[in-house]
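Enquirer: Please take these sequences and the hints and turn them into a complete structure.
Letter by letter, the chains look like this.
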Amino acid sequence: MQSARTAYPVTWRIMDALEAFAATVWPANWTRAVPYLMLAPAVLLVGLLVLGLIQIGDTSLRTLDTSTFLLSEEYTLANYQRAFTEPLFAAVAARSLLGALIVTAITLVFAFPYAYVMVRTSSPALRKFLLIALFLPFFIGQVVRAYGWLIILGNQGMVNEALGLVGVEPMRLLYNYPAVLFGLVQYMLPFAVLMVAPALTAIPEELEAAAGSLGADWLRTFFHVVLPLARPGLTGAGLVVVTLSLTDFAMPAILGGGSQDFIANAIYDQFFRTSDQGLGATLALMLVAVGSLLVGLIFTLFGAGTLAMGRARE
Amino acid sequence: MHDATTDAGAREAQGSQPVAVSVLDVSMVYDGVHAVRDASFDLPRGRFLTILGPSGSGKTTLLRLIAGFQKPTKGDILINGTSVNAVPPHKRSIGMVFQRLALFPHMTAAENVAFPLKMRRTDARKIPERVDRYLDLVKLGGFGQRRIHELSGGQQQRVAIARALVFEPDLLLLDEPLAALDRKLREEMQLEFRRIQRELGVTTINVTHDQREALVVSDEIIVMDHGVIQQKAEPSRTYRSPRNAFVASFIGVTNFIAGDARSLAGDTVVVGVGESEWTGVIGDKACPLNVGAPVRGAIRAEQIRIARDGRALEGAGSRHAGIVSDAIFEGERVVYEVRLPDLGDTLMRVFDHGPHDTIAVGDEVYLGWNPDDVLVFDDEAGHP
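First to last, the protein sequences are chains A and B.
By numbering that gives the first Met the number 0, the letter at position 109 of the first sequence is numbered 108, and the numbering carries on one by one without gaps.
By numbering that gives the first Met the number 0, the letter at position 298 of the second sequence is numbered 297, and the numbering carries on one by one without gaps.
It is possible that part of the hints are untrue.
Taking lysine to any residue pairs in the SDA-like style, the calculated list, with each CA pair at most 25 Å apart, reads [what the hints assert, rightly or not]:
hint, chain 1, residue 1, chain 2, residue 2
1, B, Lys117, A, Thr120
2, B, Lys90, A, Thr120
3, B, Lys70, A, Ala124
4, A, Lys127, B, Asp30
5, B, Lys90, A, Glu207
6, B, Lys73, A, Ser121
7, B, Lys138, A, Leu97
8, B, Lys90, A, Ala124
9, B, Lys90, A, Ser121
10, B, Lys117, A, Leu206
11, B, Lys70, A, Pro203
12, B, Lys90, A, Tyr115
13, B, Lys117, A, Ser121
14, B, Lys90, A, Leu206
15, B, Lys117, A, Pro203
16, B, Lys90, A, Lys127
Honestly, the hints are just simulated from the structure, not real lab data.
Expert: Here it is, written out as structure tokens:
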């Protein structure tokens with residue numbers, strides 16, 4: 000008996016001993032709790048966020064006493080009144096919302112053909128190149144990339160120098176709305192492509208061949224077959240891009256140069272420049288509300304897309 | 000001689016019909032490998048042709064070339080007399096049923112069937128009636144509003160057929176659409192394909208690796224292997240007179256006896272295996288055999304008789320003693336595997352449809368057959 004057992008490798012016997020130990024510490028009938036236990040860290044993290052949100056809600060109801068720079072003790076809705084009435088905040092909100100929508104539309108239009116070629120190309124080399132080109136920007140942070148655009152688009156930047164060679168006067172390419180949107184589209188493109196690509200992979204190539212044999216040219220195949228079937232991917236990508244753009248900070252701050260603030264920049268100013276934590280908290284809550292409304296609207300209009308999770312119906 | 004008259008009749012019928020599809024010397028090369036090599040055939044209008052072959056034989060490539068999804072490296076494809084090499088798939092009048100059906104999951108059955116009509120800009124007022132007529136044709140009347148995933152496998156097949164036929168194409172292509180079905184449904188759908196094809200008279204090319212399907216549905220069979228057309232003939236001729244050892248082995252249960260050709264007299268060949276000899280007839284009359292060449296004789300399992308007592312096989316021209324090495328009960332018949340020591344230990348498969356429990360593994364038995372049923376092929380030509 001003993002010799003038979005020692006015939007097994009020593010690593011096996013160590014594992015056996017560990018298993019026996021685990022069985023005494025954690026009886027088998029507790030195993031059903033394991034998945035929930037593994038969920039605990041995530042629940043804890045989200046729970047902390049919710050606590051933070053409650054804290055912010057509390058702060059938003061207090062005004063700043065400019066003589067002592069302390070928050071008032073009593074609750075008031077004054078911050079909300081300011082946020083709704085001051086034209087500066089309305090302008091910032093409109094700029095952010097419009098920007099998020101424009102960026103989403105442009106990004107989806109650019110991402111779709113990119114993802115399509117990446118999924119459908121028969122050349123592995125091209126697919127690899129497109130994938131690397133997609134992931135490379137991820138290794139460079141958003142702020143570094145924005146500074147890169149400053150160098151390229153600046154008054155003495157590459158673009159203006161190239162224009163100078165053909166006799167065009169240097170022009171101001173930075174610190175305006177289009178520059179911010181441009182930076183955002185460039186930043187969002189990889190996210191959108193990565194969300195659209197799986198939806199396109201899920202469309203069998205045979206369907207496109209079938210549409211062709213049934214008399215559809217590529218344009219009609221695209222509109223009647225590919226686009227409707229890719230809709231979940233486009234919806235998912237749209238949701239991600241619209242929320243990330245709406246809440247973006249670095250691009251408006253760096254490429255907008257302070258003149259093209261989005262909501263996040265306004266919140267930053269309230270917290271760290273004027274130190275009005277109450278108003279900053281109010282703006283933060285309103286950003287959460289606007290973002291949630293927008294996502295809710297997209298959910299009702301287009302469904303949850305690839306973010307629907309759960310088991311697919313088909 | 001019944002089949003000879005039907006063959007002649009069929010040939011007469013096809014003579015009166017114009018050619019629908021001509022494949023002229025078509026080759027397709029991928030990365031230096033021939034998927035299809037010098038394929039040529041004509042298909043008269045209204046005929047049902049099956050391209051039969053194992054996977055990798057080039058049969059699907061040939062079909063995709065006809066459909067226009069790929070361009071041949073060499074050669075020409077004519078539909079109704081016009082070369083279609085430069086015509087994209089959506090401009091060819093071809094209905095195709097795909098291997099995995101390729102139905103549009105975001106549309107109902109009726110919308111799927113209406114799709115080709117809309118794409119071809121058919122008068123919108125006529126579309127519902129046409130769709131209904133074709134759904135009725137495939138026995139799916141009343142199922143039009145179902146979504147694709149609400150239909151069974153067989154019903155999805157029928158939608159795919161209706162969609163491929165509703166615009167009345169010149170040619171119907173079937174790319175192994177039955178391969179994924181279970182046997183019972185597959186056999187039912189084979190008969191459906193044949194019924195619909197005869198009802199509409201549409202020229203059809205079917206691709207399959209299922210020899211039974213090819214025999215059941217087709218007017219003509221092309222057997223392909225290694226990208227080369229091995230034989231093109233009516234089903235009964237393909238079965239009874241295979242042109243080479245590959246065709247003989249791919250269709251039906253075929254036994255092979257090896258040896259060297261010792262003497263030739265007319266069509267009759269005497270073949271030696273070691274000390275003993277067997278007799279057969281030349282399989283491919285266009286390909287003469289040489290004395291001394293290695294050959295193989297092919298004989299169908301159903302053409303061999305088996306008996307415990309050699310005297311029961313008096314009438315058979317060839318008679319050999321053997322040992323039963325396996326007995327496989329298949330319900331309507333028993334398949335015996337018999338080892339023949341005097342034919343170089345050749346293993347022969349034999350059917351027994353009679354009372355099944357008289358012969359056991361290890362028993363000594365006799366096999367008898369008619370030498371005219373043994374088709375002798377050059378061992379070099381054809382590769383099973």
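Enquirer: Could you work out which of the previously given hints the structure breaks and list their numbers from low to high?
Expert: 1, 7, 8, 13, 16
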